[in-house]
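Use these hints to put chain B onto chain A, whose structure you have.
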Amino acid sequence: MQDEESLVRRAQKQDQEAFAQIYEEYFDRIYRYITLKIGDAVEAEDLTQQVFLNTLRSISSFKWRGKPFSAWLYRIAHNQVVDYLRKKKKTVVPLEETLVSGGDNPQLAAERKLDIEQVLAAARHLTDAQREVISLRFTSELSIAQVAEVMGKNQGAVKALQHSGIVALRRALSVTKNEE
Amino acid sequence: MKNREFDNILNECLERLLVKGESLEQCLARYPGQAAELKPLLETALAAREASAIQPRPDFKARAMYQFRAALQERTARKSRTSWGWFPRWATVMAIVLVLVLGGGGTVAAADSSMPDSPLYSVKLATEQVRLTLTPSQMGKARLCAQLADRRVAEIAYMAGKGNTGQVELVTQRLDRHLALLTVLVLAQSGDEEPMLMAPPTEEAGAPTEPPTTDEAPPEPVLAPQPGKDWGSSDDTARNGNRAQLRDTLVSNAAHNRAVLHAVLDEVPESTRAALRRALAVSEDGYEEVLEALE
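Chains as they are written, first to last, in our numbering: chain A, 1 to 180; chain B, 1001 to 1295.
Simulated from the structure, these hints should not be mistaken for lab results.
Careful: at least some of the hints might be erroneous.
[Said to hold, decoys possible] Listed next, the in silico BS3-like pairs over lysine-lysine satisfying Cα-Cα at most 25 Å (straight line):
hint, chain 1, residue 1, chain 2, residue 2
1, A, K113, B, K1039
2, A, K88, B, K1061
3, A, K63, A, K13
4, A, K153, A, K13
5, A, K113, B, K1162
6, A, K67, A, K13
7, B, K1061, B, K1039
8, A, K113, A, K13
The model shown is predicted, which means the values in this text are computed figures rather than measured ones.
Only chain A is shown next, with the shape it has when bound in the complex:
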């Protein structure tokens, strides 16, 4: 991706190409982030779309204040998720309709899907903050510094949440596996 600042400035001037680049760069990552946050792959589609429409409407309000654009974008996604969870009692939909990359190997894709369903189920046992960190770190692949920007916390606090989140996830995963 080219220099993010100039790309965002072009997008703020309604440059369609710049918007398209931002969209391509972040779409899948935001989708994964939302899927892990709400545990529903189908609802995550609509929310992801809404995040980008909201970004389009409000990008002119984004100001460079030393924070990366990604932090602002994930903040929109976070707000969207919070709004969704507040309005709706979630019903969890499995990943049946969702694709999981497995190359050309259907068996690998099926196994991955099972693993991911277990992770999604286990993630529901985490606190909101733990789930936020796990989602941003492991599905959106943000650095600790970026996660700290998104969450408005210092890096030490994020590392602590990462630690406790992994511990909680491990515990929940072992419970899930024992139940099967």
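Only chain B this time, still in chain A's reference frame:
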């Protein structure tokens, strides 16, 4: 060991494992004293990382991209209209004057039949907006919305025939808004909908706290329907009759408009076909929703 120190070691291992591509064994070898505690955590992190294999469905992604580009184009078009500054206001003022003073005067009549690629089209839209605003009853507004939806479908078919994909997309969005407003008017009459100022949303739930600047043309306002009131008659029988009549009209319009769009589908350039299919979907979904609301 202090928690903070272990948090740092764990993070260092995660970076090596997930970003730099080191193996689990290599990571553990760097911290033999913490290896026993690190191992299950790193294995869990690797399992969580599997979730990064989730991908949105290609058809959803294509649809989302289409909708995003359409929204982007409309926004760009709105921006370019505001760069003319005076034009939308001029068109609106002229429309109000013409509607109020001249009624069906020549310019209004000419604008009425204009298509989106015509200079008079802005007058047509402004005139419609004025009529919608000045229509006193909700039933009147609902009937007008139904007429406007018919007009949009005719415009979509016309612009599709000319291979103008951008205009097909823009007019489709207007069609969507007319049908959505129609649904809200019907629901408001049923008392299911909160009263509201009908206008495209400018504040979005998911936007961060910094308020979006409004450097675009203001949304077209339409007087809000009041739930259960002002449906043209306070008499229940008459109201039910009106609703039945509106339902019959909409059933007929839905079928007619579907036929109109289907008729041009095979004749338009390949590049416009996807936009036309989207228009068909918007039309069918929109009518379905309003008819459901009328049940």
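Does K13 of chain A sit within 25 Å of K67 of chain A, going by the straight-line distance between their CA atoms?
holds (20 Å)
K153 of chain A and K13 of chain A: Cα distance at most 25 Å?
Since the Cα atoms of K153 of chain A and K13 of chain A sit roughly 31 Å apart, the hinted pair is violated (cutoff 25 Å).
For K63 of chain A and K13 of chain A, compute the direct alpha-carbon distance and say whether it is at most 25 Å.
Holds. K63 of chain A to K13 of chain A sits at ~13 Å (cutoff 25 Å).
25 Å Cα cutoff - pair K1061 of chain B, K1039 of chain B:
Judged against 25 Å, a Cα distance of about 37 Å means the pair is violated.
Under the criterion that the straight-line Cα-Cα distance not exceed 25 Å, is the pair K88 of chain A, K1061 of chain B satisfied?
holds (24 Å)
Given hint K1039 of chain B paired with K113 of chain A - CA-CA distance at most 25 Å
holds (24 Å)
Straight-line alpha-carbon gap K113 of chain A to K13 of chain A, limit 25 Å
violated (41 Å)
Given the hinted pair K113 of chain A and K1162 of chain B, is their Cα-Cα distance within 25 Å?
Violated, at about 46 Å.
The structure is inconsistent with the numbered hints 4, 5, 7 and 8, although it conforms to all the rest.
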